[in-house]
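Based on these hints, arrange chain B on the given structure of chain A.
Protein chains: 2
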Amino acid sequence: MSAGPGPAAVRVGVDVGGTKVLAGVVDDEGRVLRTARRSTPGRLATPEATEDALVEAVLDAADGAPLLAVGVAAAGFVDAAGERVAFAPHLPWRGEPVRDRLAERWRAPVTLDNDANAAAWAEYTLGAARGADTAVVVTLGTGIGGGLVVGGRLHRGRGGMAGEFGHGQLVPDGRPCECGRRGCWEQYCSGNALLREARAGVGTSAGPLAARCDGDPAALTGVMVTEAAAEGDEVALHAFEVVGGWLGVGVANLVATLDPDVVVVGGGLVAAGELLLAPGRAALRRALVAAAHREVPDLTPAAFGPEAGVVGAALLTRG
Amino acid sequence: MSAGPGPAAVRVGVDVGGTKVLAGVVDDEGRVLRTARRSTPGRLATPEATEDALVEAVLDAADGAPLLAVGVAAAGFVDAAGERVAFAPHLPWRGEPVRDRLAERWRAPVTLDNDANAAAWAEYTLGAARGADTAVVVTLGTGIGGGLVVGGRLHRGRGGMAGEFGHGQLVPDGRPCECGRRGCWEQYCSGNALLREARAGVGTSAGPLAARCDGDPAALTGVMVTEAAAEGDEVALHAFEVVGGWLGVGVANLVATLDPDVVVVGGGLVAAGELLLAPGRAALRRALVAAAHREVPDLTPAAFGPEAGVVGAALLTRG
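First to last, the protein sequences are chains A and B.
The opening position of the first sequence corresponds to residue 1 in our numbering, with each subsequent residue numbered one higher.
The opening position of the second sequence corresponds to residue 1001 in our numbering, with each subsequent residue numbered one higher.
So that you can see chain A by itself, here it is in the shape it has in the complex:
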């Protein structure tokens, strides 16, 4: 028996979030062919333990194929050179040369970027922002992730910290934020904000939402709120109205600043579809300067779901 040629080299993207590491082999059409995951060792683990988890997840996903390149998308501030994670609230890196360390372990070229930037790049390259000159991508998860494409290029900014509009202040002396300040947009428009609104109302309600959580606000999940809203539950619908309203206000500020071709809304919350986007569009139209004298951009649902970071990270390795 003669040895045949080995498997073809693969491009892998890996998304490192606060709770899990998701790696995927991605083809040139942005399809995820194979995935593997690990738990993220957490903020108190060593950088080495976190890197071990990444290395294993990527090798698992590659399943023995040689690595053409690996794109790493990290939930943190990545320096402008794409070499280091300067700071990440849920990860242990504090300036280590992550890119070069991983390249050495994988023996493959590595690109490193912020997870929201990677998602924005996926949308721009193959998704809902294709063909735009300027695109704003708002990813609504626990908080808000942000990515900008300007002039057909990912806009990272001087220190790689562009797109942090989730921590723009929309309410003076508003709700306290994990970032240490108050009134940040993501305190009003995110999965957490939706739960806060729903929990505040569910105690006084006898609708489908209360039934789902047995009247216990602490037991509520985002999925319950979405399902109950779809069944017409008043409290759940109100929660989406409020959060969608804040989506529109925050997007209006970004549109006033950048006048983009497209605004893409992604992340877990966008699974609720029109429940979220319809009040968002109405609020955007109310809050946007000169709305009557311009084409108001639509709020376009993202083309990529939870794998946006993996796909974008892989696509970013193409240079």
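By construction, these hints were calculated from the structure, which means they are not laboratory data.
There is no bait here: all hints are sound.
Output of the computed footprint for chain B on chain A, the stretches with three or more beta carbons under 8 Å from beta carbons of chain B:
| id | stretch |
| --- | --- |
| 1 | 149–159 |
| 2 | 284–297 |
Far from chain A, by Cβ distances over 12 Å, these chain B residues were calculated:
| id | residue |
| --- | --- |
| 3 | 1030 |
| 4 | 1047 |
| 5 | 1106 |
| 6 | 1213 |
| 7 | 1222 |
| 8 | 1231 |
| 9 | 1237 |
| 10 | 1274 |
Here are some, though not all, of the chain A residues that point toward chain B, as calculated from beta-carbon distances under 10 Å:
| id | residue |
| --- | --- |
| 11 | 86 |
| 12 | 162 |
| 13 | 165 |
| 14 | 167 |
| 15 | 172 |
Note that the structure is predicted; figures quoted are calculated from it, not measured.
From the three backbone atoms N, C-alpha and C, an ideal C-beta is built for every residue, glycine too.
Same frame as chain A, now just chain B:
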């Protein structure tokens, strides 16, 4: 006596504001060699009367020299193609093909842009934002004018409406704005905002500010507030603290979004210098996400004063 060669052709910039038209011959170093001005006929005049005022001011400034090119900076929304003023609150144009009409009258190539874009281009090309990849230029006059340079290019946006961050909402249900909405940044950070703060306090004060206006709040001007603050007047200093504080908050939101190399602050209000910029810097540092983990950009005073629009408009004709 034989006829010598005629005068050399000149490049002229003309800034069309709500009250005056200012034209200037500008050399390649951005120096204004000669100016001429007219009153703006006003919003209720015809477009033709406004164009007449422009044509005369430019010809006066040129003083018989042939026109190499004319750059027009208008206080209004200019379409992305640079052909029309789509809408301007203080000018009569509503979509007329201003660029081509003026080119015909001057028999010279004309470029048309927004006045704040022109000022930003002057700062980027020859002023305080020179060498930046990404620059935010905030012009504080009666309201806020905004200009963005991204990747070394003036960022105009899809419809030419980028940079309108002065109408971003910073205060829910806040002060009413001329734009028809509430809580816009310029209602808290502008010449008008400074006067509002000073007027609110001057009635209860016996300091230099009250002396300047004989205790009549309506008689106050921005110059009086600046002079009184420089003499230590408590009310005037407080007005700058408040307005500077809002400068910092609004800039923090722009920095969170764009992570620029430089933030330039221009316009009449910046004549107050550190009275405005010192509280602005302090507030920027308080309001900016991850300030401890990044280089916080300075608030840099503009290099060009009231002629920034004229200079930028002329420089934009160089293509």
